[in-house]
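S.K.: With chain A held as given, fit chain B with the ligands onto it using these hints.
Protein chains in written order, with this note's numbering: chain A, 15 to 557; chain B, 1452 to 1779.
Careful, some of the hints might be misleading.
As the list claims (entries may be wrong) - Covered stretches of chain A, as calculated for chain B (at least 3 residues, CB under 8 Å):
hint, region
1, 169-178
2, 292-298
3, 318-325
4, 348-359
5, 383-392
If you're looking for bench data, these hints aren't it; they were derived computationally from the structure.
By construction, the Cβ of each residue, glycine as well, lies at the ideal position given by its N, Cα and C atoms.
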Amino acid sequence: MATAVQTVERENYLNSNYGIKSWLLTTDHKRIAILYLISITAMFWLGGFFAMMIRLELLTPAGDLISSDTYNKLFTMHGIIMVFFFLIPSVPAVLGNFLVPLMVGAKDLAFPRVNLLSWYLYMAGAITALVAMVTGGVDTGWTFYTPFSTTYSNTHVIGAAIGIFIAGFSSILTGLNFIVTIHRMRAPGMTWRRLPLFCWANYAAAIIMVLGTPVIAITLLLVALERAFHIGVFNPQLGGDPLLFQHLFWFYSHPAVYIMILPGMGVISEIVTCFSRKRVFGYEFIALASIAIAVLGFLVWAHHMFVAGISVYAALVFSLLSYLVAIPSAVKVFNWTATMYKGSIRYNTPMLYAFGFIGLFTVGGLTGIFLATLGIDVQVHDTYFVVAHFHYVMVGGMVMAYMAGLHFWWPKITGRMYPEAWAKLSALLVFVGFNTTFFPQFILGYMGLPRRYHAYPPEFQVLNVLSTAGASILAVGYVLPMIYFVWSLRYGKEAGPNPWNAVGLEWMVPSPPPTHNFDETPVVTWEAYDYEHQPQEEVTVGH
Amino acid sequence: MWKNLPLFPERASALAWQVDGLYFLLIAVSAFFTLLIFALIFVFAVKYRRSVHPHAVQIEGSLPLELAWTLIPLGICMIFFAWGSLIYFQEARPPKGAMEVYAVAKQWMWKFEYENGQRDINQLHVPVGRDVKLIMSSQDAIHSFFVPAFRIKMDVLPGRFTTTWFRPTKVGTYHLFCSQYCGTDHSGMIGQVIVMEPAAYQAWMSGGASSGTLASNGQQLFQQLGCATCHRFDTQGRGPNLTGVFGKPVLLEDGRTVIADENYIRESILIPGAKIVSGFKPIMPTFQGQVSEENLMALVAYVKSLAQAQQKGAASDNSSVPDTPNSQ
Ligand code: HEM
Ligand SMILES: [Cu+2]
Ligand SMILES: [Cu+2]
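Next up, chain A with everything else stripped away, as it sits in the complex (with noise of 0.2 Å):
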């Protein structure tokens, strides 16, 4: 009998039906997963092509590829694509979704037609903004300050801002959906406690898509009423404040860069717990830190705001909060680096790109440090140095999550392995490329070099062709694993339930997992990344 069985193709959720209907009406949050998976790559690939046309632009001082209207749209579009349409959905959109429920023990997440919804809304305000770009462009930033975006621009900036608003939505579901699962369809057994910590991060950030992106939804759609209608609320000339859209838009936008990053410290925790065959260092103040960022996180908007013109003493105590939320930070890396202390480690490519994590983020949280100091900030803001912090942080750190979680999960979301020796060495084209780009930008930054400058002095071209060239070295770092990720469908072999016989209820059920993850409901009895009782290595594959 059980040969028998063997020998017919598992049922799963991806072979349980075909066809382009059984994915476009699917409630199975695997499936939308792959849909987000799909179309984030697209959007990521778009953004780095936008990326590669500005760094070739600043190969030579003068702005002689393009116009300076098409340098100001490519940075733009940029932004916009890889912020809202990457970088925010990236973790929790794809991994999450597939994971979260998988993690906690239940079928499916809370509400399977609200994360379809999800993806709808994601999609229909991605073609929104495409369809934006596509007819001529936005060129307002990423930031879309007032008055230029509402006044003075004459681009598609209402297109734009409608995109990045429904798109918005698409992420409160998707964080409505993550806090009521968590909450309510854990398996009996998995108490907060014993919640991996995975789990906590993707809480911590759904919180902060739910409470923050409604401000950013009203604060676009009044810059769009006051393009159509002249509105008045933030032109001075029509009565209104400008300062006050930068008070709104990062009190949504800092908590949104914590929405970029706390996810990815979360697959931080799984796969150096993993690797390391150990339990996480202080597994309660990993969970307690998410959470406190997520809080001070909506504390200290002010402090891109230090030499807009507010008052000194408003200046004071962002500067002081900024400090604040940067301490939690620095406690997950710590704790990370402990984890791996006495641990039994073993370098795999997911390794390696933690590894990159931790290094990277350290450079991007410190130098966040610089910029909460007030008087480095005054030389600094809108320069190449907050340039390089920013793209320390969420590229060095959270793209680095991403692609390690990726690589982790891959057999568990394809049933195949990646190729080990590609992946690592996309894994170390990544962290050199990436550090070429971005840690010139530091220095151009401190010397004076004004960040979206289409043309530059002359004295800072070295360090531009340098970067240029770092960024050459980064795109062969991404396209890679693009190539071999798609490969392995094919020729990868097969995982097997449990490839890094690691522990949590994700690797217990097959992979892929089938269309209702758990056959019946498991009974949790043991905490999170409880390596001690884990059978030592089999070793399936990988080295």
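M.R.: Just chain B with the ligands, lined up with the frame of chain A:
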């Protein structure tokens, strides 16, 4: 150093050293922590690799360690906070007696107007060693006045004045950048700050063809726009006597007191209804849309000069308009 590869901005203001000092401290501390983390990861990854350390030792955590790596970084941060704030406070408070220059930013150029009425486009001439205070506003979008060699930056907003100041310490020509994205030619909105020896500066100043000082232009406007009909230099006018108002507290109708700074004068002219002076009726008409940014600055300079004139005891007490003091 390599001529084509400067790695550090020039240091040409009194504040630059302080900023750089703090910057070096931040770099040192950051380098320490970055290397610490890198080294720990490297050592652990090698020492505890699976082939030599097949069985992990399970460790739950450690409260003393958690406290240490929460409190020590926090303590270090407070040093940065204190020092950074100190610098910021100095930057925010121009010293008394600073020479004043008015700047108007617009897409995509900088216009400067000196106290003697001379104008400059995309160039700012200043004498070395003098405190220079900039009073800035924008005609359109937000711009930002950034001189890396001085380590100062301040956004320039439409609809209000913002100020910044510096004391140049080195003769030379320095970059002036607009650092707040402002549309098509944002990267072309650049200029120069030319720091000169005082003598050369004097020569340059007297060489320019100026049509009266800024304040005297303001005085003319004050007549032309009819301000003088209400604001007389006695107590009989329908509006308050503006002599000595600038820089002093003003009691408002609603009981509040505000300091009459540049933004207050500006608001009084453009939105007179916003703050009513105690004892007066809200009859002053708005001049929004009737005075350009430059004329507004001239009017403000004139109102300011009235206060300075009074301080020097030069304000005449008759109802005619007093002469403005000549700027040096
Ligand atoms: C570790 C604590 C952090 C601190 C103290 C910090 C501090 C700051 C400050 C003060 C600024 C404003 C700089 C300026 O415009 O002058 C800034 C900019 C920025 N930060 Fe951070 N940051 C931290 C972490 C992060 C993280 C984790 C992310 C994203 C994942 C992030 C993303 C950004 C972005 C996108 C900007 C620039 C936005 C723009 O102007 O376009 N930061 N950061
Ligand atoms: Cu922020
Ligand atoms: Cu500009």
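S.K.: Could you check the structure against the hints above and give me the numbers of any it violates, in ascending order?
M.R.: 1
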